[in-house]
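Read top to bottom, the protein sequences are chains A and B.
The first sequence begins at 1 in my numbering and counts up by one.
The second sequence begins at 500 in my numbering and counts up by one.
I should point out that these hints are in silico values taken from the structure, not numbers from a laboratory.
Hints may be right or wrong, so weigh each one.
[Claimed, not checked] In silico EDC-like links for lysine to aspartate or glutamate, alpha-carbon gap of 20 Å or less:
#1 Lys878/B with Glu249/A
#2 Lys713/B with Glu521/B
#3 Lys827/B with Asp802/B
#4 Lys379/A with Glu967/B
#5 Lys379/A with Glu971/B
#6 Lys552/B with Glu521/B
#7 Lys306/A with Glu249/A
#8 Lys730/B with Glu819/B
#9 Lys379/A with Asp799/B
#10 Lys550/B with Glu502/B
#11 Lys238/A with Glu249/A
#12 Lys730/B with Glu719/B
#13 Lys306/A with Asp201/A
#14 Lys949/B with Glu106/A
#15 Lys878/B with Glu106/A
#16 Lys231/A with Glu106/A
#17 Lys805/B with Glu748/B
#18 Lys450/A with Glu605/B
#19 Lys997/B with Asp957/B
#20 Lys823/B with Glu971/B
#21 Lys878/B with Asp201/A
#22 Lys238/A with Asp260/A
#23 Lys805/B with Asp829/B
#24 Lys552/B with Glu508/B
[To be verified] If you want the ones that stay clear, here's a sample from chain A, every Cβ over 12 Å from chain B, calculated:
#25 Gln101
#26 Asp234
#27 Glu285
#28 Ile396
For every residue, glycine included, the Cβ atom is placed at its ideal position computed from N, Cα and C.
There are 2 protein chains.
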Amino acid sequence: MSERIANAELAAKVMSADEAAEFVNHGDKVGMSGFTGAGYPKALPAAIAAKAKTAQGAGGEFKIDVFTGASTADAADGVLAEANAIGFRTPYNSDRTLRGQFNQGEAHYSDIHLSHLGQQVQQGFFGTMDVAIIECTKINEDGSLVPSSAVGNNVEYADAADRIILEVNSWQSLNLEGMHDIYAPEQLWDRTPIEINDVGDRIGETFQRIDLSKVVAVVETDDADRNTSFKEPDDVSKQIAANFLQFLEDEVAAGRLTYDNYIMQSGVGNVPNAVMAGLLDSKFENITAYTEVIQDGMLDLIDAGKMTMASATSFSLSPEYAEKMNEKADFYRQHIILRPQAISNHPEVIRRVGLIASNGLIEADIYGNVNSTNVSGTKVMNGIGGSGDFTRNAYISSFVTPSVAKDGAISCIVPFSSHIDHTEHDAMVFVTEYGYADLRGLSPRQRAEKMISVAHPDYRPLLREYVERANELGGHTPHDLATAFEFHTRLAQTGTMKK
Amino acid sequence: MSERIANAELAAKVMSADEAAEFVNHGDKVGMSGFTGAGYPKALPAAIAAKAKTAQGAGGEFKIDVFTGASTADAADGVLAEANAIGFRTPYNSDRTLRGQFNQGEAHYSDIHLSHLGQQVQQGFFGTMDVAIIECTKINEDGSLVPSSAVGNNVEYADAADRIILEVNSWQSLNLEGMHDIYAPEQLWDRTPIEINDVGDRIGETFQRIDLSKVVAVVETDDADRNTSFKEPDDVSKQIAANFLQFLEDEVAAGRLTYDNYIMQSGVGNVPNAVMAGLLDSKFENITAYTEVIQDGMLDLIDAGKMTMASATSFSLSPEYAEKMNEKADFYRQHIILRPQAISNHPEVIRRVGLIASNGLIEADIYGNVNSTNVSGTKVMNGIGGSGDFTRNAYISSFVTPSVAKDGAISCIVPFSSHIDHTEHDAMVFVTEYGYADLRGLSPRQRAEKMISVAHPDYRPLLREYVERANELGGHTPHDLATAFEFHTRLAQTGTMKK
Numbered sequence: 001m002s003e004r005i006a007n008a009e010l011a012a013k014v015m016s017a018d019e020a021a022e023f024v025n026h027g028d029k030v031g032m033s034g035f036t037g038a039g040y041p042k043a044l045p046a047a048i049a050a051k052a053k054t055a056q057g058a059g060g061e062f063k064i065d066v067f068t069g070a071s072t073a074d075a076a077d078g079v080l081a082e083a084n085a086i087g088f089r090t091p092y093n094s095d096r097t098l099r100g101q102f103n104q105g106e107a108h109y110s111d112i113h114l115s116h117l118g119q120q121v122q123q124g125f126f127g128t129m130d131v132a133i134i135e136c137t138k139i140n141e142d143g144s145l146v147p148s149s150a151v152g153n154n155v156e157y158a159d160a161a162d163r164i165i166l167e168v169n170s171w172q173s174l175n176l177e178g179m180h181d182i183y184a185p186e187q188l189w190d191r192t193p194i195e196i197n198d199v200g201d202r203i204g205e206t207f208q209r210i211d212l213s214k215v216v217a218v219v220e221t222d223d224a225d226r227n228t229s230f231k232e233p234d235d236v237s238k239q240i241a242a243n244f245l246q247f248l249e250d251e252v253a254a255g256r257l258t259y260d261n262y263i264m265q266s267g268v269g270n271v272p273n274a275v276m277a278g279l280l281d282s283k284f285e286n287i288t289a290y291t292e293v294i295q296d297g298m299l300d301l302i303d304a305g306k307m308t309m310a311s312a313t314s315f316s317l318s319p320e321y322a323e324k325m326n327e328k329a330d331f332y333r334q335h336i337i338l339r340p341q342a343i344s345n346h347p348e349v350i351r352r353v354g355l356i357a358s359n360g361l362i363e364a365d366i367y368g369n370v371n372s373t374n375v376s377g378t379k380v381m382n383g384i385g386g387s388g389d390f391t392r393n394a395y396i397s398s399f400v401t402p403s404v405a406k407d408g409a410i411s412c413i414v415p416f417s418s419h420i421d422h423t424e425h426d427a428m429v430f431v432t433e434y435g436y437a438d439l440r441g442l443s444p445r446q447r448a449e450k451m452i453s454v455a456h457p458d459y460r461p462l463l464r465e466y467v468e469r470a471n472e473l474g475g476h477t478p479h480d481l482a483t484a485f486e487f488h489t490r491l492a493q494t495g496t497m498k499k
Numbered sequence: 500m501s502e503r504i505a506n507a508e509l510a511a512k513v514m515s516a517d518e519a520a521e522f523v524n525h526g527d528k529v530g531m532s533g534f535t536g537a538g539y540p541k542a543l544p545a546a547i548a549a550k551a552k553t554a555q556g557a558g559g560e561f562k563i564d565v566f567t568g569a570s571t572a573d574a575a576d577g578v579l580a581e582a583n584a585i586g587f588r589t590p591y592n593s594d595r596t597l598r599g600q601f602n603q604g605e606a607h608y609s610d611i612h613l614s615h616l617g618q619q620v621q622q623g624f625f626g627t628m629d630v631a632i633i634e635c636t637k638i639n640e641d642g643s644l645v646p647s648s649a650v651g652n653n654v655e656y657a658d659a660a661d662r663i664i665l666e667v668n669s670w671q672s673l674n675l676e677g678m679h680d681i682y683a684p685e686q687l688w689d690r691t692p693i694e695i696n697d698v699g700d701r702i703g704e705t706f707q708r709i710d711l712s713k714v715v716a717v718v719e720t721d722d723a724d725r726n727t728s729f730k731e732p733d734d735v736s737k738q739i740a741a742n743f744l745q746f747l748e749d750e751v752a753a754g755r756l757t758y759d760n761y762i763m764q765s766g767v768g769n770v771p772n773a774v775m776a777g778l779l780d781s782k783f784e785n786i787t788a789y790t791e792v793i794q795d796g797m798l799d800l801i802d803a804g805k806m807t808m809a810s811a812t813s814f815s816l817s818p819e820y821a822e823k824m825n826e827k828a829d830f831y832r833q834h835i836i837l838r839p840q841a842i843s844n845h846p847e848v849i850r851r852v853g854l855i856a857s858n859g860l861i862e863a864d865i866y867g868n869v870n871s872t873n874v875s876g877t878k879v880m881n882g883i884g885g886s887g888d889f890t891r892n893a894y895i896s897s898f899v900t901p902s903v904a905k906d907g908a909i910s911c912i913v914p915f916s917s918h919i920d921h922t923e924h925d926a927m928v929f930v931t932e933y934g935y936a937d938l939r940g941l942s943p944r945q946r947a948e949k950m951i952s953v954a955h956p957d958y959r960p961l962l963r964e965y966v967e968r969a970n971e972l973g974g975h976t977p978h979d980l981a982t983a984f985e986f987h988t989r990l991a992q993t994g995t996m997k998k
């Protein structure tokens with residue numbers, strides 16, 4: 001029995017991925033581990049894809065419904081999508097092939113808040129969950145699991161599924177043990193408070209209990225997560241980060257923040273990384289994070305003693321930082337807690353701790369409505385992820401974005417967002433390389449002025465033209481509906497939103 | 500000293516409304532009690548309006564910023580608006596004159612979630628609060644207040660304001676004492692759980708403590724709330740109610756609800772009243788409500804023994820039911836709790852108790868995005884109220900609406916909502932007189948089919964036409980942005996959304 005499979009009953013169920021895939025059938029609802037390219041099953045998806053191709057080659061059908069934590073990798077969503085084996089998918093996805101299938105109407109995608117999906121599965125909104133496929137670091141003697149680099153919806157999927165397939169990945173460091181805080185909230189109608197008052201509070205166990213009788217297969221793997229490097233921040237990212245830090249400084253000056261109570265939530269990407277680099281040299285101390293994913297910049301802040309505690313549900317690290325994590329997990333687990341996404345993203349806890357949310361966007365409109373998901377209102381990119389969970393309940397919700405995309409052909413500030421994922425009621429502050437627009441307490445007409453002030457100078461005249469035309473038509477939220485999407489229709493016709 | 504002013508220090512500050520209005524100055528930020536036409540100050544607003552007219556008549560300026568619980572009445576928002584004395588207003592408003600000023604850009608309106616405003620005031624998002632004007636039923640010997648028919652943001656306003664003016668309204672029944680549960684959550688960054696696990700849990704005190712040294716005036720009044728009668732439900736309302744009850748029955752059949760755990764949240768109006776009438780004859784028992792306002796139908800359900808407990812922040816009763824409440828408050832307070840709106844609408848508690856939200860709308864689009872606030876995207880009606888608080892965190896969120904408005908000239912289901920207050924990520928079920936559309940777990944293309952099935956038959960071909968055109972252009976969320984608002988532009992040009 002290997003060191004990583006310490007339970008005899010489960011050790012007896014070790015088999016190949018192809019053998020395990022026999023437990024996955026056409027039409028199954030499959031809950032998979034995996035969040036932002038970490039902790040996803042490495043072997044089963046390819047084996048299921050092969051089974052699908054065989055079935056399809058013989059003239060049969062083979063499609064499954066895939067539920068995950070968030071995005072996975074080529075080895076999971078990628079191979080399944082290539083095999084046309086996904087009929088339905090939720091929640092967040094970043095796989096290009098699969099995204100193409102959503103946009104062609106070939107696969108169904110339901111874009112659900114990351115904090116909501118687990119409970120919706122448990123509440124039976126999707127019917128019966130057939131299989132859970134869960135990666136773990138180790139199986140303990142009692143059959144409980146040491147989770148790997150992401151927790152995601154593993155608790156809910158293992159609880160709800162009829163059958164469980166485990167992948168034990170020896171690439172994951174055994175030192176991850178102790179980093180997780182596995183807690184399952186009470187179910188309806190017996191719910192009680194989630195007793196996290198501070199980012200670092202632990203309320204659960206370091207392992208995941210499962211019903212051993214449901215485990216049909218255990219598969220051994222030894223594969224790295226999809227760790228991708230970040231680009232060095234460019235000048236625009238650095239300027240956005242500087243403006244965001246100026247906003248924090250101004251909040252301190254206004255008495256709404258002090259240098260030692262900044263609680264960070266941060267989306268993933270180059271701008272957030274630039275913000276974290278900026279924080280290294282800032283006056284902010286004892287920074288904590290209540291967020292979804294642990295990024296390189298947070299490890300730097302922890303190493304520098306600037307960040308004392310980070311709570312998340314997964315890692316999203318570059319290959320070098322993933323290696324560092326695996327080597328020094330015993331150190332980092334004093335400063336990092338990985339929780340189920342139902343908890344990392346729970347509105348109750350987010351509201352209570354009082355964090356400053358900071359997420360990217362596709363576009364925002366002059367009144368502060370945000371499109372995070374659908375390019376030109378139609379083609380889905382990745383999904384809303386946790387941005388709704390955080391934006392809706394943050395102490396202060398902010399969005400950070402370059403003012404333009406595609407070399408200036410696209411303005412990220414438009415007259416009317418072509419899809420709306422966050423409304424004017426939730427979005428407070430917008431930061432671009434031209435400054436920040438603080439919309440708190442403003443009426444729509446006042447908001448438009450602020451938003452235009454942080455738009456790219458090339459687009460300010462066009463936005464002002466729209467506002468003047470709209471104001472002539474009047475209303476609390478002035479719009480000229482006949483031309484509200486003129487930026488988008490011009491882009492479609494000419495390749496640029498510019499006139 | 501009157502029976503209702505039992506504190507000597509405050510009894511010494513009794514004066515006329517005109518005298519009290521001297522404590523309210525041009526430019527002041529004024530937090531007023533009042534929620535859905537209950538518990539608003541009856542005397543001060545007219546006195547302030549008179550002061551404003553005098554100042555304006557002398558060539559001076561006089562405008563105040565008005566913060567309330569929600570809507571008030573002619574005697575509050577109405578008289579101030581008529582005097583052009585409101586520069587800024589938040590959150591919910593139903594006064595026609597004031598609404599007109601918002602839509603003309605003459606007064607600034609910021610449409611904030613009802614659960615958010617109190618904390619935003621405390622957090623300093625609006626600067627310093629100058630005056631709080633609070634109606635109460637009685638002043639206790641120790642100076643604490645027995646609240647009246649609404650609690651609203653009274654705790655936050657009295658705490659944040661430099662000066663407090665009290666109105667003691669002897670129209671309010673002394674038997675209301677004991678009905679309230681006044682609890683102020685801990686402030687950032689020391690927040691702890693709000694320990695309400697069941698609708699009927701009490702966590703606070705029956706009175707409101709205030710800083711007596713801040714009280715500058717006490718004014719005595721004897722005036723009824725703005726109680727308005729409901730219309731008898733018409734056939735359409737009855738059919739919508741029947742379809743909503745069918746939805747509940749189907750949830751029971753699916754195992755997602757039982758006859759004794761329906762927790763109601765309900766918007767105000769004829770359809771909700773018809774639903775409550777339908778519940779009287781249904782199999783549902785031990786109904787509870789975790790909602791904003793106590794309506795006639797809830798008293799009927801309590802009288803019939805069908806509803807065991809209702810939690811809200813105010814009454815919105817017809818004159819006859821208001822009279823009944825004042826006579827039988829000692830009975831009703833065993834079944835009714837009035838809380839601060841920060842608690843009645845708190846995401847944490849809403850999510851925990853597991854309620855079924857049911858609110859009205861202006862329009863929804865084929866993908867399930869909801870406009871609750873701005874007619875044709877521009878003219879604000881009343882504001883988002885608590886619909887966002889409940890929709891975002893409900894167990895199941897539903898919207899109830901007639902399929903058409905203005906004798907069929909307006910379809911309440913459109914290709915693209917002209918303003919979006921609730922997104923596809925939050926809205927689950929839509930009920931019209933033609934049935935219900937359950938969008939849970941569906942992709943946008945599937946959602947469109949469901950939504951069109953509950954649209955008015957006159958508009959289904961037009962909606963199908965749009966969907967076909969949009970599908971040809973493709974995308975996960977198919978749209979033809981050039982014509983996405985064609986229903987609205989046609990209405991503006993021809994007076995009807997019909998072709």
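Against the structure, the hints:
{"no.": "1", "hint": "Lys878/B with Glu249/A", "result": "violated (37 Å)"}
{"no.": "2", "hint": "Lys713/B with Glu521/B", "result": "holds (15 Å)"}
{"no.": "3", "hint": "Lys827/B with Asp802/B", "result": "holds (11 Å)"}
{"no.": "4", "hint": "Lys379/A with Glu967/B", "result": "holds (16 Å)"}
{"no.": "5", "hint": "Lys379/A with Glu971/B", "result": "holds (13 Å)"}
{"no.": "6", "hint": "Lys552/B with Glu521/B", "result": "holds (14 Å)"}
{"no.": "7", "hint": "Lys306/A with Glu249/A", "result": "holds (16 Å)"}
{"no.": "8", "hint": "Lys730/B with Glu819/B", "result": "holds (13 Å)"}
{"no.": "9", "hint": "Lys379/A with Asp799/B", "result": "violated (49 Å)"}
{"no.": "10", "hint": "Lys550/B with Glu502/B", "result": "violated (31 Å)"}
{"no.": "11", "hint": "Lys238/A with Glu249/A", "result": "holds (16 Å)"}
{"no.": "12", "hint": "Lys730/B with Glu719/B", "result": "violated (33 Å)"}
{"no.": "13", "hint": "Lys306/A with Asp201/A", "result": "holds (19 Å)"}
{"no.": "14", "hint": "Lys949/B with Glu106/A", "result": "holds (19 Å)"}
{"no.": "15", "hint": "Lys878/B with Glu106/A", "result": "violated (39 Å)"}
{"no.": "16", "hint": "Lys231/A with Glu106/A", "result": "violated (33 Å)"}
{"no.": "17", "hint": "Lys805/B with Glu748/B", "result": "holds (16 Å)"}
{"no.": "18", "hint": "Lys450/A with Glu605/B", "result": "holds (19 Å)"}
{"no.": "19", "hint": "Lys997/B with Asp957/B", "result": "holds (8 Å)"}
{"no.": "20", "hint": "Lys823/B with Glu971/B", "result": "violated (59 Å)"}
{"no.": "21", "hint": "Lys878/B with Asp201/A", "result": "violated (46 Å)"}
{"no.": "22", "hint": "Lys238/A with Asp260/A", "result": "violated (23 Å)"}
{"no.": "23", "hint": "Lys805/B with Asp829/B", "result": "holds (19 Å)"}
{"no.": "24", "hint": "Lys552/B with Glu508/B", "result": "violated (32 Å)"}
{"no.": "25", "hint": "Gln101", "result": "violated (9 Å)"}
{"no.": "26", "hint": "Asp234", "result": "holds (30 Å)"}
{"no.": "27", "hint": "Glu285", "result": "holds (15 Å)"}
{"no.": "28", "hint": "Ile396", "result": "violated (9 Å)"}
When held up to the earlier numbered hints, the structure conflicts with 1, 9, 10, 12, 15, 16, 20, 21, 22, 24, 25 and 28 and fits the remainder.
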